[in-house]
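Novice: So the chains spell out like this:
Protein chains: 2
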Amino acid sequence: MQIKLPKKALVTGAAGFLGSHLCRRLLDDGYEVTAVDNLFTGTRRNIYPLLENRRFQFVLHDITLPFWGQFDEIYNLACPASPFHYQHNPVETIKTSVLGIINMLELALKTKAKILQASTSEVYGDPLVHPQTETYWGNVNTIGIRSCYDEGKRCAETLMADFRREWGVDARIVRIFNTYGPNMHPKDGRVISNFIMQALHNEDITLFGDGLQTRSFQYCDDLIEAMRRYMDKPRAEIDAFFSTRRLGVPVINTGNPGEYTIKQLAEATLKLIPESKSRLVYLPLPADDPKRRKPDIALATELLGWAPKVPLAEGLEKTIGYFRGL
Amino acid sequence: MQIKLPKKALVTGAAGFLGSHLCRRLLDDGYEVTAVDNLFTGTRRNIYPLLENRRFQFVLHDITLPFWGQFDEIYNLACPASPFHYQHNPVETIKTSVLGIINMLELALKTKAKILQASTSEVYGDPLVHPQTETYWGNVNTIGIRSCYDEGKRCAETLMADFRREWGVDARIVRIFNTYGPNMHPKDGRVISNFIMQALHNEDITLFGDGLQTRSFQYCDDLIEAMRRYMDKPRAEIDAFFSTRRLGVPVINTGNPGEYTIKQLAEATLKLIPESKSRLVYLPLPADDPKRRKPDIALATELLGWAPKVPLAEGLEKTIGYFRGL
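Residue numbers (the working numbering), protein chains in the order written: chain U, 1 to 326; chain Z, 1 to 326.
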């Protein structure tokens with residue numbers, strides 16, 4: 001008889017919004033999950049339900065310091081992701097992205113683990129082409145107030161590419177566009193959590209600029225599905241797929257290509273919170289705020305047979321339910 | 001009687017091409033100079049003549065590790081700067097840029113030193129606008145074979161900007177365009193050293209692509225003059241100058257706006273080495289090689305009253321003289 005041991009996954013940023021969803025999914029898929037977080041923006045509350053699972057363990061650790069253990073798969077999600085949080089200490093934000101990925105890549109190298117880097121649509125900055133494909137190089141300010149996040153994430157991609165080219169690490173990059181859902185930080189300053197919190201508290205709903213800048217909104221479950229399919233692909237398939245493309249390095253966009261204006265989002269939110277007495281108000285646009293961003297997901301669809309499934313109204317409703325329960 | 005002690009400067013990458021020129025100039029200006037280099041691409045030969053000066057000391061050190069000392073001014077020039085060298089170990093290249101500047105900025109913060117970061121025209125990547133002004137955000141591939149240098153330098157700029165905004169460090173960025181002169185590494189694979197070495201050894205002169213891509217060539221003395229004037233400016237003047245501009249953070253281009261095709265450079269080199277039997281040959285263009293780059297130096301001119309003075313023929317002649325003597 002052959003004993004089948006569970007595969008071992010390391011998730012960094014595990015107590016954050018996306019990390020907590022990913023941990024749950026990995027447990028559902030039968031993995032043994034080691035969850036690492038420094039709890040700067042992540043919260044233990046996000047993983048309370050997981051702590052009962054014997055295949056789950058939480059480690060309080062900051063990935064700017066090395067971390068060791070034997071894993072089959074590493075999911076590097078650690079980094080404050082909202083301007084409000086990442087601007088709190090920009091230098092730590094860069095260290096988390098750059099030193100964090102160096103430590104994780106060194107771990108992947110020594111233990112021959114697959115590694116997934118949670119990159120971001122922010123690497124495209126304020127894009128000059130629409131929608132953004134993975135071959136677009138981006139339009140990013142190096143010295144602005146958002147740069148600590150954008151450039152840290154760009155540099156992390158570079159390190160992924162170099163560890164792959166130099167030492168053959170099975171490194172896979174996913175560029176995550178705007179994603180929302182339960183377990184979002186209620187005070188992260190992002191547009192969806194802002195709008196829901198404001199509507200629930202009958203406060204003015206604040207739109208920046210004219211509110212006509214568009215965003216795409218991906219429900220968290222759709223993203224996690226893409227990540228899992230991506231990591232499940234055998235290396236040979238990944239290598240073959242990307243070697244024939246200009247990219248060379250495995251990198252896919254995930255996001256929901258449906259475009260909504262910020263104003264439409266505000267209206268959709270208010271519709272789902274009919275008791276709210278909030279009104280829309282307009283404030284000046286902050287520096288370097290991208291005016292428009294929309295993912296081209298053709299590559300992910302071709303590689304993974306994946307497309308987002310959850311419509312905005314449905315995802316918003318679940319998210320509002322979560323915020324109501326807080 | 002008041003005793004006037006010399007100002008103290010720290011130069012990283014001091015045994016490199018530009019570092020060695022900067023050290024000499026600082027000694028000429030009366031500074032006490034601490035010269036740091038890990039000697040990966042730098043060479044002690046570049047600083048032999050300086051070792052006799054009692055105000056000069058060399059320290060073998062790698063700035064990816066912290067370094068302490070009391071200085072008035074820090075000039076951070078450490079980083080392999082030619083593709084041939086920086087691709088040798090791309091991960092170390094990024095560490096030198098990112099960990100290096102973090103260590104130097106922490107030193108500047110604790111000792112209240114001014115700090116100059118030697119950034120690069122490579123932050124503009126393969127630019128979509130010509131000439132490049134400091135407000136241009138660049139067009140850089142995050143996952144290509146040049147990215148370790150480009151993204152490392154971009155991230156270093158971000159750290160400069162953030163240390164300045166967060167903790168008031170007197171951080172000044174200079175984006176250096178193609179620069180040449182004596183003490184260049186003869187095997188750095190850069191176009192000027194390549195052409196001179198090939199011409200002196202009667203080897204084929206290799207042009208990539210059609211040789212019609214243009215470059216600008218700044219003689220090293222012109223750059224060092226700009227750096228010294230930049231660092232001599234009182235902080236209040238720097239702050240006033242940049243606060244009224246969209247940039248916010250002190251950053252200037254230095255380079256020579258004169259544009260030459262690679263082919264013109266080859267011909268000028270051969271003219272100065274009349275005994276050479278070399279012929280021009282054409283090879284395919286390497287990946288991500290920028291097709292054109294030209295500095296807009298209006299900002300440096302306005303701030304420093306500076307413009308490059310040394311014509312290409314004169315600078316080439318001095319450089320050829322140096323290579324002949326090797």
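Derived by calculation from the structure, the hints in this document are not laboratory data.
There could be a bad hint or two in this list.
Partial chain Z-side listing against chain U, Cβ under 10 Å, derived [to be verified]: (1) 141; (2) 147; (3) 302; (4) 303; (5) 306.
One side only, chain U facing chain Z, incomplete, derived with CB under 8 Å [claimed, not checked]: (6) 98; (7) 111; (8) 123; (9) 125; (10) 127; (11) 142; (12) 143; (13) 152; (14) 154; (15) 157; (16) 159; (17) 162; (18) 242; (19) 251.
The structure presented is a predicted model; accordingly, all values stated were derived computationally and were not measured.
Don't be surprised by glycine CBs; every beta carbon is placed ideally from N, CA and C.
Novice: Which of the numbered hints above does this structure break?
Specialist: 3, 4, 5, 7, 10, 18
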